[in-house]
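Enquirer: Order-wise, the sequence lines are chains W and V. Residue numbering for the first sequence follows our numbering, starting at 63 and increasing by one per position. Residue numbering for the second sequence follows our numbering, starting at 51 and increasing by one per position.
No lab work stands behind these hints: they were computed from the structure. Hints may contain errors.
BS3-like cross-link-like pairs, simulated, lysine-lysine; straight-line CA separation at most 27 Å [as the list claims (entries may be wrong)]:
1. W:359 to W:280
2. W:427 to W:514
3. W:459 to W:514
4. W:294 to W:367
5. V:186 to W:636
6. W:594 to V:186
7. W:636 to W:594
8. V:247 to V:225
9. W:580 to V:186
Treat the numbers as computed from the prediction; the structure is a model and nothing was measured.
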Amino acid sequence: MQPEAAAPYEVWLPNTQQWLSLRAAPNPAGGYWVFWDNVTARKQAEAAQQRSSQLLLDIEAVARTGSYDADLASGSFYFSDGMYRLFGVAPQAFVLTLEFINARSHPDDVAAVQQVLDEAVRTKLPYTYRRRICRADGEWRTLEAHGEVRADAASNVVRLRGLVQDITERVQAEQALHESRDLLQSVFDTSLISMSVLYAVRDEAGQVQDFRLGLVNKELERETGRPDLVGKFYAQEYPGIRQVGIFDLMLRALATGEPQGMDYFYDHEGFSRWFTCQFVKLGDGLVATNLDITARKTAEQERLKNLRLLEQAEAVAGLGSWDYDLLTSSMRWSDGMYHLFGLPVGSAVAPSHYLAAVLDEDRPKATQLVHRLAAGEGFEEILRLRVREQLKTVRIKAVVVHDEAGQLARVLGVDLDISELQRLEADNLRLRLGQQHALFEAVQAAQEAERKRIAEGLHNGIGQILYATKLHLDRLHAPLLGAFPALAAARQEADQLLSEAIRQTRALSHEIIPMTLKDFGIAAALQDICRKMSTPQLRLHCQVALDDEAAPLPASLQTALYYIAQELTQNIAKHALGATDASLELETMPGWVLLRAEDNGPGFAPGAANSPGLGLRSIRDRVALLGGQLQLGLVPTGGAYVRIRIPLTSTSIPTP
Amino acid sequence: MIRLFLVDDHAVLRYGLRSLFQQEASIQVVGEAENGLQLLAQLPTTPCDVVLLDLHMPELDGLATTQRLRAEFPDVKILVLSMVDNERAIGQVLAAGASGYILKNATRDEMLVGVRAVAAGRRFLCSELGLNVLDKFLIGAPEPPPKLVNGLSPREQGILQLVADGLTTAQIAEKLFTSPRTVETHRQNIMEKTGAKNTAALVRAAVSQGWLA
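Produce the entire structure from the sequences given, and follow the hints as far as they go.
Expert: Quick look at the structure:
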């Protein structure tokens, strides 16, 4: 078989699904030799190649790609149709060259691409580069090439083959993404709040073990002093979050999808500050915001502390403060005020609360107070209030506050519970009076003892001796002295002097110690006084009406009354000149003993009521010490009266 | 012969008395005691007619001794000799059974008269006491105090004024430093004296009669 130039004829045998190549050659016999080959395999390969070529072309067209094949040895280039299209020119309209491509390329990229290619030739590794070109229509596009290096058996690089793709849209998208990410980051970074994006880190069971920091803003970096947090595990870096409950809060935000937040004091990993945090679920992670609120918290705590202090101070001092707004006629109370008035804290208040609580006696004052409050006047007042069946004395002081324009704006006030103070003062007074009284009684007792000693000295000593002397003198009676008249007269004189001495001693001793009082009681003693003081010119009546049911008057009080009565009658005898009739009256009634002296004399000398004599002053002092009162004046029919009222208490100690 | 027993806690006085009575033949001092108890102890062996008794003594005083003597020795007469000039004390001891009372200021003669009088079963009071009592009696019956036209006392007049002023009994009591009870008593007396049936009539009368200041 000799292959001749005659073109072979290929025929498809559908029955056998074979391609045959028929070739005719003249044979010596004048005929033709027909040779055939089964070329099915070749035909199929050719078809496949053609199809793939076409496919490549189609793909290039659709995917806006092109390819090239550079023969380094010959320096020739093959550019696919796609390459032409990438440059916006008709395929194969001219011969595409590297020069053309470089001319259309962004100047910055030419050298860069060349460098990539040189590097690829050197390393023989696959390469990639980007090149910005200006298309025929003037539009700038970005091309991306992936290529490979082919070497011959001697490892010499013989060709470069590459696939070029127009990635302008992708680049643009990438850039847009980049820009939006930058924007986000810049928003992130310009925020004064620490922000981060955290991704849940789960174990095989799906349990969240920790959170990985995906995004961290500048503030958080600044706050933590850690620029390296991205990719780190949150709880691993900051174990403290598990202790203060933040980790649980994060889990809750993740589990429920509900934003979670809390204020917390973070005292771990070198922090010692207050933060507020907020966690919002984002996919299988969280967006976390964190703000240092230490300053605010400190101020808040300071304010709270001050408020507490004020509240405590108010509670301790029984103090309340209030604020009356003149514009709205509204009143605000501190807690202390509510406590003062025994009202639930926070309930509505008005000035009328004063009227509701005030005692009837103080109602006019309270009414005036409310008026002055409404009129925007300052005041200072003491009111007695009945709060929960308890009497409270409250001192109220109010000052007016003007606004910037100088107009009356509000009245500020303080109410101070002075009940305790008053009680203490009263106690103190009572104590002092009690001490005074005790002192008075002690002095009186001492005086009594002294008087008694003197009286007994007079009575039992001097008096008896005087009488014994008189008796001895009497032995020199008339018959014996008859012969000596001068002696008899002298004896007589001595006898009379002795008698007078005895009488005066006796009188003095009885005056010093009121025997009747001791032996017969106050009523008899006063009657004795009146009887003794009575003269034919001045009659002293005595009237005593003592409560029979009441306990007998204390001995000390009886003694005091006796001396007072004595002074009163002596005063009348001495000063009520011309008086013919006088009375001394003693009576008791529940709680009081009353003593009165009246005369029908000319009354007090002018000015006497203001500057009573020594006697009256000593009576006054005595009465005051007994907690009593003394009045003196003129009776309508003329004459003077002295009225004394002394409280009767079990201890005889005056109570206010 | 009168047998006399001296009872006084002052030795110097007993000595004086003894000397005094020694001069009298009709009176014999049969014993001395410092107090009532000593007297009572001696009396059974030392009978006497008259006891000259001091009031203020330790152990058993004059008054108690008098009571004991009256009960235990009813025949013995008691003559008190004391410094005490108080009428009540005197009345008390006389009431208890003493026959006489002499102040320790009496003269020898008075003393002798007293002892004899008592011994004779009469009562005796020394002259100073007798004169005192007379003085008091004379003072006790003075001319009556001047009554006002309506017969009211100054006190009643004052209360009438206050009643007319419209004060209640309690207010009047408070004003006058007296008790409501006393004011009420005065009020009743005023009504009786003026013959007014009630307060309104009383006030009317007081105004019309010009009783008010």
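Enquirer: Going straight from one Cα to the other, do residue 247 of chain V and residue 225 of chain V come out at no more than 27 Å?
Expert: holds (25 Å)
Enquirer: Decide if the proposed pair is consistent with the structure: residue 580 of chain W and residue 186 of chain V, CA atoms, cutoff 27 Å inclusive.
Expert: Between residue 580 of chain W and residue 186 of chain V the Cα gap is close to 23 Å, so the pair holds against 27 Å.
Enquirer: Within 27 Å, alpha carbon to alpha carbon, are residue 294 of chain W and residue 367 of chain W?
Expert: Cα-Cα ~40 Å, so violated.
Enquirer: So if I understand the rule, the pair passes when the alpha-carbon distance is 27 Å or less; does residue 459 of chain W with residue 514 of chain W pass?
Expert: violated (59 Å)
Enquirer: Next pair to validate is residue 636 of chain W with residue 594 of chain W; report whether the Cα-Cα distance is within 27 Å.
Expert: holds (14 Å)
Enquirer: Is residue 594 of chain W within 27 Å of residue 186 of chain V, Cα to Cα?
Expert: Holds, at roughly 9 Å.
Enquirer: Hey, residue 359 of chain W versus residue 280 of chain W, does the alpha-carbon distance stay inside 27 Å?
Expert: Holds, at about 23 Å.
Enquirer: Are residue 427 of chain W and residue 514 of chain W close enough, with their CA atoms no more than 27 Å apart?
Expert: violated (57 Å)
Enquirer: Given the proposed pairing of residue 186 of chain V with residue 636 of chain W, does the C-alpha separation stay at or below 27 Å?
Expert: Judged against 27 Å, a Cα distance of about 20 Å means the pair holds.
In this structure, the earlier hints numbered 2, 3 and 4 are contradicted, and the remaining ones agree with it.
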